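Chains as they are written, first to last, in the working numbering: chain G, 1 to 139; chain Z, 140 to 416; chain R, 417 to 702.
Keep in mind that the hints were calculated from the coordinates and are not lab data.
Some hints here could point you the wrong way.
Stated by the list, open to error - Below, computed lysine-lysine pairings styled on DSSO-like, alpha-carbon distance capped at 27 Å: (1) G:Lys33 x Z:Lys306; (2) G:Lys119 x Z:Lys395; (3) G:Lys33 x Z:Lys314; (4) G:Lys128 x R:Lys525; (5) Z:Lys200 x R:Lys448; (6) G:Lys33 x Z:Lys409; (7) G:Lys25 x Z:Lys415; (8) Z:Lys291 x Z:Lys306; (9) Z:Lys200 x G:Lys25; (10) Z:Lys415 x Z:Lys298; (11) R:Lys495 x R:Lys525; (12) R:Lys495 x Z:Lys177; (13) Z:Lys186 x G:Lys25; (14) R:Lys525 x R:Lys544; (15) Z:Lys177 x R:Lys544; (16) G:Lys25 x G:Lys87; (17) R:Lys458 x G:Lys25; (18) Z:Lys200 x R:Lys458; (19) R:Lys695 x R:Lys544; (20) G:Lys25 x Z:Lys400; (21) R:Lys593 x R:Lys557; (22) R:Lys544 x Z:Lys186; (23) Z:Lys415 x Z:Lys200; (24) R:Lys489 x R:Lys446; (25) Z:Lys186 x R:Lys689; (26) R:Lys544 x R:Lys614; (27) Z:Lys298 x Z:Lys200; (28) G:Lys25 x G:Lys128; (29) Z:Lys177 x R:Lys446; (30) R:Lys525 x R:Lys581; (31) R:Lys581 x G:Lys128; (32) Z:Lys415 x Z:Lys306; (33) Z:Lys200 x R:Lys446; (34) Z:Lys177 x R:Lys448; (35) R:Lys689 x R:Lys702; (36) G:Lys119 x Z:Lys200.
As the list claims (entries may be wrong) - Quick look at which bits of chain R chain Z covers, simulated, 3 or more residues with Cβ under 8 Å: (37) 440-448; (38) 512-521.
Keep in mind that this is a model prediction, so the values were computed, not measured.
Glycine included, every Cβ here is placed at the ideal spot set by N, Cα and C.
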Amino acid sequence: MKFFLLSLFFSYFLFAQTDWQRWQKTEINYTEKVDNSGRSYSLRADDPFEFLLKASAVTYWFFISDVDGDNCPFDPSCSSFFLESVKASNIVEGTLMFADRFTRDFNVFNRNDYRVTRKGRLADPPEKYLLSTARSKDK
Amino acid sequence: MKPRWLLFILVIFFQQGFAQTQLESQLTFAESLFAQEKYFDAITEAKRLVFFDSANQYSFKVNNLIAESYKQGGKLSEAVHYFTKAEIAANNAKDLFKTKIEIVKINILRRAFNLTDHQLNEMEKDARFAADSSSLQYWRGWNYLFHDDWEKAAQVYSKIDSAETLKNICEEVQKKKYSISFARGISVVLPGAGQFYTGNYVSGILSLGWNVLLGYLTVQAFSAERVFDGMAVGTMLWLRFYNGNLSNAEKFAIEKNELIKNETLDYLQKNYQGLKP
Amino acid sequence: MMRRIFLLSLLSLFPSILFSQESGLFTPEKRKAFADNLFCEKDYLRASEEYEAINSVVKNDSLSYYIGLCLLKMNDYEKAKDHFFLLRNSSLGEESRLLFLKTSFLLNKNVAGEADSFQNQFVNKDLKTSFRRLELAAQIKAGMIQTNLFSPTNDFEENDAQILKRFAENFSHPQRKSPFAAALFSAMVPGAGKIYTKNYGDGITSFIVTGLFAFLSYDNFRAHHNARGWIFAGTAAFFNAGNIYGSYISARNYNLEKEEELNNEFDSFLNSKNYFVPKEIEGSCK
Chain G
1 MKFFLLSLFF SYFLFAQTDW QRWQKTEINY TEKVDNSGRS YSLRADDPFE FLLKASAVTY
61 WFFISDVDGD NCPFDPSCSS FFLESVKASN IVEGTLMFAD RFTRDFNVFN RNDYRVTRKG
121 RLADPPEKYL LSTARSKDK
Chain Z
140 MKPRWLLFIL VIFFQQGFAQ TQLESQLTFA ESLFAQEKYF DAITEAKRLV FFDSANQYSF
200 KVNNLIAESY KQGGKLSEAV HYFTKAEIAA NNAKDLFKTK IEIVKINILR RAFNLTDHQL
260 NEMEKDARFA ADSSSLQYWR GWNYLFHDDW EKAAQVYSKI DSAETLKNIC EEVQKKKYSI
320 SFARGISVVL PGAGQFYTGN YVSGILSLGW NVLLGYLTVQ AFSAERVFDG MAVGTMLWLR
380 FYNGNLSNAE KFAIEKNELI KNETLDYLQK NYQGLKP
Chain R
417 MMRRIFLLSL LSLFPSILFS QESGLFTPEK RKAFADNLFC EKDYLRASEE YEAINSVVKN
477 DSLSYYIGLC LLKMNDYEKA KDHFFLLRNS SLGEESRLLF LKTSFLLNKN VAGEADSFQN
537 QFVNKDLKTS FRRLELAAQI KAGMIQTNLF SPTNDFEEND AQILKRFAEN FSHPQRKSPF
597 AAALFSAMVP GAGKIYTKNY GDGITSFIVT GLFAFLSYDN FRAHHNARGW IFAGTAAFFN
657 AGNIYGSYIS ARNYNLEKEE ELNNEFDSFL NSKNYFVPKE IEGSCK
């Protein structure tokens, strides 16, 4: 009983933050969330070059990557990383980032610098490797 | 002397009555906000009532109201917290049962299977709730249902007369579901077969194609005594696609089952007319 | 007699019918008591709405100050800062000025100008000391305090002074790795730049991968397989270019991480000291 009351007391302060913002009615969904954060197979592109790049990536995914099992420890996977890098910078920088990522993929020694995602992958977003990434505290 | 005393008592009495009506009307106020779906404000006014209700007369009602409001806002932990407070304030078996069931319902929604199971067991042992055993069984069924254990849910519902619909739904799901080990098993024998079983034909054909091609190349290399080539193709390529085939067969079966489960739960949420968590 | 009783009962009932909602539990005094209770339950949004409601009827610096405290406690530093700034000359001006400095600090905002003008407006000695301590912390974080110039005043306990001195040193002379040096090292020896930034695994991998392809290229050229030689040479160049780029980025990320680490360490130290602000002025609860 003592423990029960004590836990009641503590949970009291734990919840406090819930009401620090007004909230509305929310329907609780019976369904369990499905992770849809997979690859985008869309070929929509802003220019012919991007289209070509996406088309080759999608072809690679369709014929090879999707059927040869789960081999990449990173999130996003190497091919997605390449696409995102080029999109976020340019073809030269994107390729350099991809070459660097490729080497890091080969690394069998230590990989303790990455945050592990919920799916058990190593978080390694391209933003971390862009030249233009602003200094965190200077903004 | 006497009339003065009487006066004094009367004043006190009306004062008391005044406070009483204040609290009563505050409860009505909070309830009306709840009815208007203004749950955040309903909680504010309910808390005000708690603060001024020094005799804790409204404790049960108000804590229930707060808990119900939090539940409507999808704040399940908070809801459980206040239902627990209501449970403490409950002063008869009926009220106690009601709040305990509310907590069970939230734990079902939170998919806290073991906790819910434990709570239902405890309630079943409790002599005060002896008459409510079919209700307890009913919620036990929902607990299994949310835990993706349709077989057990069907078993439970087969013992309750009024739960015919739920029983049928559970049995149907049980039939529709794919066997994960079967999917993997047939893919071990014939690459792509598991994918065909789950309806992922394109992936099945691709898997089969790669495995045939790479298997052929490996065998050919070995039979031509190009051992190094055979080893390289066999381990680096064939094995890779063979393993990919197995994990895909398993993955697709899991995904399909997930889909069936979610479709059923969604159907129940939107169309089932009986009591729901 | 009966008439008197009747009249009295009528009188007693009258207000309960008329004002059951507006007065009753909603008098300013009762609202204040309820709001204080919400504040102590950390239900700050509701508390501030109550204070707000009373304040619109009876204006009062203390209520306004408590609204600021609610904002501060809900981590809404931006609004809290503006709120305390408006209260800087009120009857709770000294407290407000101190909390203005605290919220600005939490927001990483440079308010040196305001802080200077606030400095001399303190009567309360404790609050003045708090203010000076926090101002110094802000200067340390900005890297403005050179270690040799740092003489901990009597404002600080010996222990804190030592800690602050160490922080001052780290902030004014942060540990850094030069991105250009890292790139240069990797250009000379593949992977060296990554080893310089302490990414040993990646550095060794780079060396092996680039070296392997370079060797394959060399081997093929030697055997006059020129086409294959070029392919392997290209691959080696591809990996090494990535490695040079990666080393530059690795050094930059190293600096960012160190900076963040230091900031976090400093923040948690100050947090443990409640930013040198006396707890009492942030609302008292039993």
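>> Hint by hint, where does the structure go against what was stated? Just the numbers, ascending.
In response: Going through the list in order, the structure violates hints 15, 16, 22, 25, 26, 27, 28, 31, 36 and 38 and respects the others.
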